[in-house]
Every structure is written in C-alpha cells, then in structure tokens.
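Dock chain B against the given chain A, drawing on the hints supplied.
Protein chains: 2
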Amino acid sequence: MEQRITLVTLGVTDLPRARRFYEALGWRGQEVEETVFFQAGGLALVLWSRDKLAADCGLEPEPPARFGGIVLAHNVRSDAEVDDLLEAVQRAGGTITKPAGRNAVGFYSSAFTDPDGHAWEVACNPGFPLAEDGSLVLPDFGRGS
Amino acid sequence: MEQRITLVTLGVTDLPRARRFYEALGWRGQEVEETVFFQAGGLALVLWSRDKLAADCGLEPEPPARFGGIVLAHNVRSDAEVDDLLEAVQRAGGTITKPAGRNAVGFYSSAFTDPDGHAWEVACNPGFPLAEDGSLVLPDFGRGS
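As you go down the protein sequences, you meet chains A and B in turn. Just so you know, we're using numbering that gives the first Met the number 0 here: the first sequence kicks off at 0 and counts up by one. Just so you know, we're using numbering that gives the first Met the number 0 here: the second sequence kicks off at 0 and counts up by one.
Don't read these hints as lab results, they were simulated from the structure. Everything numeric in this text was worked out from a predicted model, so none of it was measured. Fair warning: there could be bad hints in the mix.
Stated by the list, open to error - Here are the simulated distance ranges between beta carbons:
{"hint": "1", "chain 1": "A", "residue 1": "E86", "chain 2": "B", "residue 2": "G100", "range": "26 to 32 Å"}
{"hint": "2", "chain 1": "A", "residue 1": "D50", "chain 2": "B", "residue 2": "E32", "range": "24 to 30 Å"}
{"hint": "3", "chain 1": "B", "residue 1": "D13", "chain 2": "A", "residue 2": "G25", "range": "19 to 25 Å"}
{"hint": "4", "chain 1": "A", "residue 1": "F140", "chain 2": "B", "residue 2": "G25", "range": "19 to 25 Å"}
{"hint": "5", "chain 1": "B", "residue 1": "D50", "chain 2": "A", "residue 2": "R16", "range": "25 to 31 Å"}
Beta carbons are placed, not taken as given, at the ideal position from N, Cα and C, and that holds for glycine.
One chain only, chain A, in its complex shape:
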C-alpha cells in the first residue's frame, strides 16, 4: 500500500449547507451527482450524503456523534492567520470548540466543527513548517523510527 490518501470524504446530512460552509471559507469545488469535490493539495476533500457514504462502505448509517474519531488539521503560517480563519468560521456558521491559545506543546491552535460536526484543528506550528505550496513534509524527529 503506497503511503497516501486519495480522498477524504465527509458524510453530510445537508449537502447545500455543507457546500455553503466550505465555500464561505474560500473553498471552490465542483458538484457532480449530489457530491461536491474540492481539490486539496494532492487529494480531494469530498462532501457526500452521510447515509450513502455509510452504505457505500457496507456500514450502518448511525446518527452523528459529537466526536467522530477523526480530526482534520489545517495549519497556517502565523498566529494571526489562526485568528482570521476562526472569525471566518464563525461568520460561516461553524462552531468554535476550542478557543485559540497556546497548547501544551507551545504552539497556537484552535478547533472548530463544521455544520455536520466534523472536527478541524487550526494551528500555527513552527515545528511543522509548510512548503510554499502549503504541503507538509514531516521533520525528522530523530527518534530512529
């Protein structure tokens, strides 16, 4: 298995609402057959019916939990960008679940959920510098493996 992810699909209960939320944050996508595809670096973030997504994986479409067990992170290059993004999230109808502040490791971060409860962390982590195109190349932590 090559070490990569091709799609991250978020199950949503109201596709137009979910699309409006991400578009209010500046994302631009394409909608095909009640599915919205956003190019996101070398993969795509996808919005699709939560029930259809579960069925497509052979799983029961359980109602959303308050914590789904997966968190997406969006790292930025300055603390001010964290604050700016949180303001945009609030305007767009997201829920700030952790106010911005220095976390235990010492970098500035915050977290929000989208209208379907999917969790995002927003962080400026100088230990994880971003390439010019926004991609992340993990540092060598020097622990062997």
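For chain B alone, coordinates are given in the frame of chain A:
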C-alpha cells in the same frame, strides 16, 4: 482558508495495535510522545489517543461508533491492486466491510475498517487518474462549478 489539509488524525484506543496495522500494510512512520506520524503525500496521517484527540478539540470523548462519518479513500491503478491490498488488510487484522466488486458508477472498489473502526475505501477509478507520485488532480467535470 487555503484549500488544503495538513494532517488527518485518527483517534485510536491502542496505539501499538494501530501502528502495527498500518505498518503491516507497508506504511512507515515516526513515533513521538505517543503519537505516530506517517508522511502521506503532502500531508501526514497521524495516530493519536482517541480521548486526547477529542479533548484537544474541546469535544467529549464518546465511544467509537460503527460509522464515524468520515471515509478515507486509497485509489490504486488496477483492479488487481485492489484485491492485493484487501488480502494484506485481512492478514493485518482489518475488517473487509464491502467485498470488492463493481460499484454503481462502474469502477472496482471495496471498503475496510482498521482496528479502531476507521473506514477506508480502496478503488481503481479510471475517471480519477493518479499522477506518477500517486497524487490526485480532479478532472474538470464540465459542470461549471
């Protein structure tokens, strides 16, 4: 908000078990402070304590559901690669939740869950050709937006 994801963090209840699973599939990561980081194209797939992950987002650490609402997809270049990966998943202790077959759209796909129940789709979708480095550039669906 730039249109990208920096990290995809999977909340896990048994870190060594989760790490062994992904390593049995061929992934190689670095462990730092009870967190495992795998480079995955321009982002990182991260394994971290489910409870700590929830707390870090200001959310209640609910017990895992059978469907968490997010699915990761790993696309490959041939139907045979789908079958090969599924065999590796079974050997590694994953659960095949959808047997491989042609889906409604006509391409060959399957789905599995990892030991913590996180869902992955495995697919060979000729409509989404992969670049040489495995990254996905969405086609223009020609629907305007």
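Check each numbered hint against the structure and report the violated ones by number, ascending.
Hints 1, 2, 3 contradicted; others consistent.
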